[in-house]
Structures are given as C-alpha cells and as structure tokens.
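Enquirer: Here is how the chains run, residue by residue.
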Amino acid sequence: MVLSRDRWLRWVGKPVVHALAAAPLALLAGRTFWHPELLGANPVTTIIDQLGLWALRLLLVTLALTPLRYLTHSSAWLLYRRLLGLWAATYAFLHLLMYVVVDQRLDIRVLLEDVLKRPWITVGFAAVLILLALTVTSTRGMMRRLGRRWQTLHYGVYLAAVGGVWHYWWQVKKDIRAPIAYAAVFALLMGYRGARRWLKARSAPATAPGRI
Amino acid sequence: MRYRRDLEPKASEITPEAIWQDRRAVLKTLAASGALGAAGLAQAASTPTGRVLNAPRNPAYVADEAPNSWDDITTYNNFYEFGTDKSDPARNAGTLRPSPWSVTIGGEVETRGTFALEDLLKPHPVEERVYRLRCVEAWSMVIPWDGFPLADLIKRLKPTSKAKFVAFTTLKDPVQMPGQRSGVLDWPYVEGLRMDEAMHPLAFLATGVYGRALPNQSGAPLRLVVPWKYGFKSAKSIVRIDFVEHAPATTWAVSNPHEYGFFANVNPAVDHPRWSQKTERRIGGGVFAPRIATRPFNGYTEVASLYTGLDLTKWF
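From first to last, the protein sequence lines stand for chains A and B. Numbering of the first sequence is given in the numbering used here, commencing with residue 1 and proceeding in unit increments. Numbering of the second sequence is given in the numbering used here, commencing with residue 213 and proceeding in unit increments.
FYI, nobody ran anything at the bench for these hints, they're computed from the structure. Do not take every clue at face value.
When the alpha-carbon atoms are kept at most 30 Å apart in a straight line, the in silico DSS-like pairs for lysine-lysine are as follows [as the list claims (entries may be wrong)]:
#: 1; chain 1: B; residue 1: Lys384; chain 2: A; residue 2: Lys173
#: 2; chain 1: B; residue 1: Lys526; chain 2: B; residue 2: Lys376
#: 3; chain 1: B; residue 1: Lys490; chain 2: A; residue 2: Lys173
Extracted from the complex, chain A is given alone in its bound form:
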C-alpha cells in the first residue's frame, strides 16, 4: 500500500515528533531512577533546570511552525502545532511539579512566599497557569464550544513564552548569555510575524480591492 503525503505526515510524522519531544524526558527519567550520578552533585536542581529549559525550547519550536509555514509555503507544519504545544506544556507542568513536590515538599508557606515575593517565580508561575488553560482548551470540543473566544485565549501562548523567557533571565545570577539567546529566538519569531503582517497590510488595498 502506498501512503499519500498527507497520511505519511500523520501516521509517520506524528509518532516521530512525539518520540523526539519525549526523548529528553525519557533520558531525565532514566537518569533519575537508574543513573542519578549522571545528573551531577545536585540532581534536584539539574532536573528542575532541564525540565524548564525543554519547556522553553519546545514552546519556541511550536512558535516557529507558523513562520515555517509561510517560508516553505506548506501548511503541513501545522499538523504538529498542538502536539508540540502540549509537550511544551507537559515539561512546564513537570518543572513546576518538581519544584513544588520534590524540592519544596508541598510547603505551602514557602510556596506562597516564593510566588508572592519573588517576581521571577511569579512570572514563571503565571506562564505555567496560561499553559494549563491552553492545555485544558486544546480539544476540538473546546474549540467548538469557545468559538471565536478560543483564538483570543490561545494568543496567550505568546504571553506564556514571554513569561518563560523572563523567568529564565531573572533566575540567572550573572551569566545571562543563554537567556539572551532564548530571548533573541523569541524576538525573531515574533518579528517575522510582525513584519509579515505589516507587509500584508501595506499591499492589501492594491491586491484585494473587493474586501471593503
């Protein structure tokens, strides 16, 4: 049987993307339970940091799909958008969960103090809450139910990304080179969107006179 291109993208592409997105988590879990020495002298911090970094990386990959769609004139990329977004959210939840449950042992007083008193934690916490809202409303049923409000809500992904990068930047003590790199990638992805919109708006009256 010969698969059509669309079926290839679905039946082969999706499992491959799932596997790639899950690989860092599988690696971390394997190290945690079987080779903790590979996580260094402070494994809790290593795990929390790695989960947070992968959340941010996958969020940026998700946000890269729209530019890729326009640059390659192919909407195939969009097949993987929800899937990657959900993986980014999964890493973000596990990042928060590790900090709340394993590091701080559900100590509500400490957690409240951290979220309320330390802006970098406030920002990170807010970003995870946004991702939670997006995850809950990611189903087709919710899309139908929310109608136009769904799109408005899901623009929240940009806020979550801003929050994520900001949280990372603020968390670093002194060497901000890595956070700068993440911020630059995010700015590039947003800049592309802005530039495209601007160019379209400029050329729209000439090419689409019927849209009055």
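Based on these hints, arrange chain B on the given structure of chain A.
Expert: Only chain B this time, still in chain A's reference frame:
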C-alpha cells in the same frame, strides 16, 4: 584597590584512606574481569587524587555530619574564573598552574613583599578541619579541609594599628583562567574580612581537601575558608593579601549590591531577594532527600559576638 567607605565602623568519620584504596582495588579487579558498567567507572573517578598532606585532624573543629564525597566536592564548584556552570571548573581548571606560586603581602603590615608560597606556608603546621559550607544559592556541603588558621599567618605578618580589614585577591590571568575572558564579573575577584573576623579561630586558610593538595577547581594552591559566611566570601587561588584601613569593595557586592553584602553571614532570617535562605539542599542526599533548615551563622554561633549591635538585616 577600591574601598567601601560605608562599612567603617562528634564527628562522623571521613572515609579512611585505606577504604578508598581498597575500593579502587575492588574496582580494578572488577574492571579487569569486564564486569564493570558506566556507573562503576563513575564511582572509580571519585577516588581522591593529588599530593598527600598527612595533616592530623583537629577534633575541636569537626562538624558533626558526614562529609560529602570527593566527587561532589570537586565537580560542583562556583569558580567563575573557569566558567559559570557548576561543572565548568572541574572541566576547565586544568590550565591553572598552582606551582610555582607566589603571594604578595601589602598594605598596613610590617612584613611586606612577594613571597614564594612554600616560604609563606613553611612555619604553619597543616591540620584537618571538617566544616560545613553554605552557598548563597541555598545548597550546602560538608568538607574536610586541610590548612591552618588565618590568624596564625596574620600574627606572623604583624599588621599595623591602621589595618582594619584584610583583602584577598584571586589570580587574574585569562590564559590560566579562561573564564576571565568574559566580563561576567569584575576581575580580579576580591574578597575581604574585617580584622576581628579574620582573627577569629574559625577563619581558615586551606591548602588541601580530603588530605590531598587542593585540586585546581577548589582554589589551588591557597584559598580562604570562612564557614559562617556564604561560600562566595572564601576567595580562591589567592595571589594578594592586603591589610587595609577601609573595607575593600568586594566582587559580588560590587556586581549586585542589592543581593550580596560585605558581611554575607549565613542567616536564615535574611532572605536573598531571589530565593529564601530559610532552608538549604545538602548536596549528596540524592533526588528525594528533603531540604534541611539553615542555621544562623551556618551553625557557628560562636562568632555571634563579633556582630553585637550590628543590624544584620541592614548589614547582610
């Protein structure tokens, strides 16, 4: 040197060497028989290395806690001169040449000049002390240091009555210390103590750890250890000791004065703006160990009298 005018005013046994040696022998046998996986090799790497110091333990200064492993102590370091990641110093410190080494003594002191390290250290018998080390980043270790009291060196150098502070300067050499090619901190690294702090019997100059000469990433060949203060006060790879009238401008306090003070005494009641100081994560406990409570002055409350009348919230 820059100054800060505003500041004028029962022991758990360390694994005996016989056991390390024995473990190495066991691992060698295993390796020879081909029965050893990657995990086993990682363990083998934790055998202490370097020149043996044969320093007797001073039982008056032995923390009542199990010391961290050689591996933890020598692979998890904040030493920005070799990179900002905790694993960077162990990887990059091979370029440091701790011998020959000289130290310059300057300022308000009778014995001034540049001395070969051996000559400076010769009169001081080396002893072992097991101290807790609390990092400002809310993690901690227990470390068996080899060295001698800072006060002994100071007394021998005879500071003048004008000497109110002691400043310690780390080597500045971007060839030996590749991390200094980045401007992440204002090099060279400078730390300092008030004279009464420096003269306290707990203040220690270390030349070794675990009975071996200091590895490069731990601050070879000479470093400060001030166990009641956050780790960043303990300057590494020292090339200058200056006796000064005014508080020196210390590196982290200059870099971010809202977050790091001159005193930097371990204090669970004064939070760092970005994290709580009430608890700490003891390195070596593994993934599922709980955090432990941080104690005032890292448990070394005998230093409290140095700070009578000082508002520790303001002078953090």
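Enquirer: Decide, hint by hint, whether the structure agrees.
Expert: Do the hints match the structure? See the list:
1. B:Lys384 <-> A:Lys173: holds (21 Å)
2. B:Lys526 <-> B:Lys376: Holds: B:Lys526 and B:Lys376 sit about 21 Å apart, inside 30 Å.
3. B:Lys490 <-> A:Lys173: holds (19 Å)
When the structure is compared with the earlier hints, no violation turns up for any of them.
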